[in-house]
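Enquirer: Read off the chains here:
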Amino acid sequence: MKKFGVKSIVATGIGAALFFVLGRFVAIPSGVPNTNISIQYGVLAYIAAVFGPIAGLLAGIIGHFFIDFSYGWGVWWSWVITSGFVGLVIGFLTAKLKIDEGEFGISGIIRFNVAQIIGHLVGWGALAPVLDIVMYGEPANKVFIQGLVSAGVNIITTAVIGTLLCVAYSSAIPKKGSLKEEE
Amino acid sequence: MTNLFNYIDRPSPIHRLTGATKFVCLLLWSFAAMSTYDTRMLIGLVIVSMILFTVGRIHLKDVSFMIGFTLVFLVINSIAIYLFAPFHGTEIYGTKTYLWGLSGRFAPTAEQLFYHFNYILKYLATIPIVLLFVCTTNPSEFAASLNKIGIKYSIAYSVALALRYIPDIQKQYHEISQAGQARDIEMTKKASLINRLKSASGILIPLILSSMDRIEIISNAMELRGFGKEKKRTWYMGRPFTATDIAAMIGCAMLILLSAYLAHVNGGRYYNPFI
Chain A
1 MKKFGVKSIV ATGIGAALFF VLGRFVAIPS GVPNTNISIQ YGVLAYIAAV
51 FGPIAGLLAG IIGHFFIDFS YGWGVWWSWV ITSGFVGLVI GFLTAKLKID
101 EGEFGISGII RFNVAQIIGH LVGWGALAPV LDIVMYGEPA NKVFIQGLVS
151 AGVNIITTAV IGTLLCVAYS SAIPKKGSLK EEE
Chain B
1001 MTNLFNYIDR PSPIHRLTGA TKFVCLLLWS FAAMSTYDTR MLIGLVIVSM
1051 ILFTVGRIHL KDVSFMIGFT LVFLVINSIA IYLFAPFHGT EIYGTKTYLW
1101 GLSGRFAPTA EQLFYHFNYI LKYLATIPIV LLFVCTTNPS EFAASLNKIG
1151 IKYSIAYSVA LALRYIPDIQ KQYHEISQAG QARDIEMTKK ASLINRLKSA
1201 SGILIPLILS SMDRIEIISN AMELRGFGKE KKRTWYMGRP FTATDIAAMI
1251 GCAMLILLSA YLAHVNGGRY YNPFI
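If you read the protein sequences in the order shown, they are chains A and B.
Heads up: the first sequence begins at 1 in this note's numbering, then just goes up one per residue.
Heads up: the second sequence begins at 1001 in this note's numbering, then just goes up one per residue.
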């Protein structure tokens, strides 16, 4: 597991700021109430994959909290927690990837996407609706439909944007042993 | 965007509470309002929250935009609940009283309307408190005070960093987006949804790569200054707790107890006038 050092603290802060800016100003409505096509989850998955589960958890919670905070529509705790949870799960499942060492091939892409699909499905398809029911007493079929729509949308955006970011970042880093001594 | 977080600097008893106190109170209050469906308690909370709102010297015109936003949100949510579960109320309260002689899939029942009434009350009990928190809490002071309520200072520092860099990243996003538009990448409503998603990811790559540089620079600077070596740190914006802070937190903790007590008396979360 990646250590939660100074770099992770900074990455958490910057990740939360990115999450906030993208979620607050680049939201595209999907047609179901309170559910946006949110490209910030692509970035969250990327942060979690590069900096580990704790950075993912905290960046999700802080970023989402500030989005709700700045809209002033009430902090929707069930969804704030779920954002953090998604970051945590993706961070755990991608812990073996070495994106920051420039390694992100086909197997890396598959692992990353399996991780994000699991994270989003469990998070939005199960955790968020259950928390909505427990905390707010909302009807089950409404929150499950909301949750599944968000899960689907987030999986697609993460698959496109998260994968793209990981590929771009890993190819910007010189690989181990890429320099050879001249004969 | 000069005032992203709607903080209004105006002397009032609520402003004088530390950010941590307000955060704890917000958590306790929203938890209490969330957990109970007791109409009497919700009405009480609504009244108290309105009073606190005036104590905080926040005027309606300061928050009219946010209130409008929230009301739209509330209406959409209520309609969605009614469409998805028109008999949710009858399941909760165990009786079925049709109104106005109507029947069918979407027939109104007294129970459903009562459920909606409670649902709206829940919102009305929380909205003023959230607005109060948003308007009276200085974000930097909030980050500093998180450390005081037992959150590790490295995490509190992440929050402070996020607040510090939100404007920078926002500016950078804007710049990259404009540079893209100058090169004929359409981001506005004129482009179709798919094209907008595509151009959004075109902006993200430079944004992320430069953020990675930023992370590198900041963490090097912090490491050079020995960040994380000591168990504690001091905060420029930090303030000590006063007696009012403690009183406010105890007051809000009592709400949780009240909610638990009512759940015990009512035999559940819902106050049921139908039986």
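For the record, the hints were derived by calculation from the structure and aren't laboratory data.
Positions of the beta carbon are idealized from the N, C-alpha and C atoms, including for glycine.
There could be a bad hint or two in this list.
What the hints assert, rightly or not - Distance condition first, Cα-Cα at most 20 Å in a straight line; then the derived SDA-like pairs of lysine to any residue:
(1) Lys-1152(B) <-> Phe-25(A)
(2) Lys-1198(B) <-> Lys-98(A)
(3) Lys-7(A) <-> Arg-1164(B)
(4) Lys-7(A) <-> Lys-1061(B)
(5) Lys-7(A) <-> Lys-1198(B)
(6) Lys-98(A) <-> Asp-1213(B)
(7) Lys-1198(B) <-> Ser-70(A)
(8) Lys-98(A) <-> Met-1212(B)
(9) Lys-98(A) <-> Glu-1216(B)
(10) Lys-7(A) <-> Ala-1221(B)
(11) Lys-1152(B) <-> Lys-98(A)
(12) Lys-7(A) <-> Ile-1151(B)
(13) Lys-1198(B) <-> Gly-5(A)
(14) Lys-1061(B) <-> Ser-70(A)
What the hints assert, rightly or not - Sample of chain B residues lacking proximity to chain A, with all beta carbon distances greater than 12 Å (derived):
(15) Ser-1154
(16) Ser-1211
(17) Ile-1246
Said to hold, decoys possible - Derived list of chain B stretches under chain A, where covered just means 3 residues or more per stretch with a C-beta under 8 Å from a C-beta of chain A:
(18) 1156 to 1166
(19) 1219 to 1229
Enquirer: Indicate, hint by hint, whether the structure satisfies it.
Expert: Tested hints:
Taking the CA atoms of Lys-1152(B) and Phe-25(A), the gap is about 30 Å. The hint is violated against a cut of 20 Å. For a cut-off of 20 Å, the pair hint linking Lys-1198(B) to Lys-98(A) is broken: about 26 Å separates their Cα positions. A C-alpha spacing of about 16 Å is found between Lys-7(A) and Arg-1164(B), which places the hinted pair at or below 20 Å, so the restraint holds. At most 20 Å may separate the alpha-carbon atoms for a hinted pair to count; Lys-7(A) and Lys-1061(B) exceed this at roughly 43 Å.
This hinted pair does not check out: Lys-7(A) and Lys-1198(B) have alpha carbons roughly 30 Å apart, beyond 20 Å. Our distance criterion of 20 Å between C-alpha atoms is met by Lys-98(A) and Asp-1213(B), whose separation comes to about 18 Å. Simply put, Lys-1198(B) and Ser-70(A) have alpha-carbon atoms about 27 Å apart, too far for the 20 Å limit, and the pair is violated. Using a Cα cut-off of 20 Å, the hinted pair Lys-98(A) and Met-1212(B) holds, with the two alpha carbons roughly 15 Å apart.
For the proposed pair Lys-98(A) and Glu-1216(B), the alpha carbon gap of about 17 Å is at most 20 Å, so the pair holds. Our distance criterion of 20 Å between C-alpha atoms is met by Lys-7(A) and Ala-1221(B), whose separation comes to about 10 Å. The hinted pair formed by Lys-1152(B) and Lys-98(A) fails the criterion: a straight-line CA distance of about 28 Å is larger than 20 Å. Between Lys-7(A) and Ile-1151(B) the alpha-carbon distance is near 19 Å, which keeps this suggested pair within the 20 Å criterion.
Distance check on the hinted pair: Lys-1198(B) and Gly-5(A) sit about 34 Å apart at the alpha-carbon level, beyond 20 Å; violated. A hinted pair counts as satisfied when its Cα atoms are at most 20 Å apart, and Lys-1061(B) with Ser-70(A) qualifies at roughly 17 Å. Chain A draws Ser-1154(B) into its interface by the beta-carbon criterion, the shortest separation being 5 Å against a cut-off of 12 Å. With 12 Å as the threshold on Cβ separation, the claim that Ser-1211(B) sits away from chain A is violated: the shortest Cβ distance comes to roughly 5 Å.
No beta-carbon of chain A is positioned within 12 Å of the beta-carbon of Ile-1246(B); the least distance is around 23 Å. Figure legend: the segment 1156 to 1166 of chain B, annotated as covered by chain A; annotation consistent (10 residues with Cβ-Cβ distances under 8 Å, at least 3 required). Requiring three or more residues with a Cβ within less than 8 Å of a Cβ of chain A, the coverage given for the segment 1219 to 1229 of chain B holds, as 5 such residues are present.
When the structure is compared with the earlier hints, violations turn up for hints 1, 2, 4, 5, 7, 11, 13, 15 and 16 and for no others.
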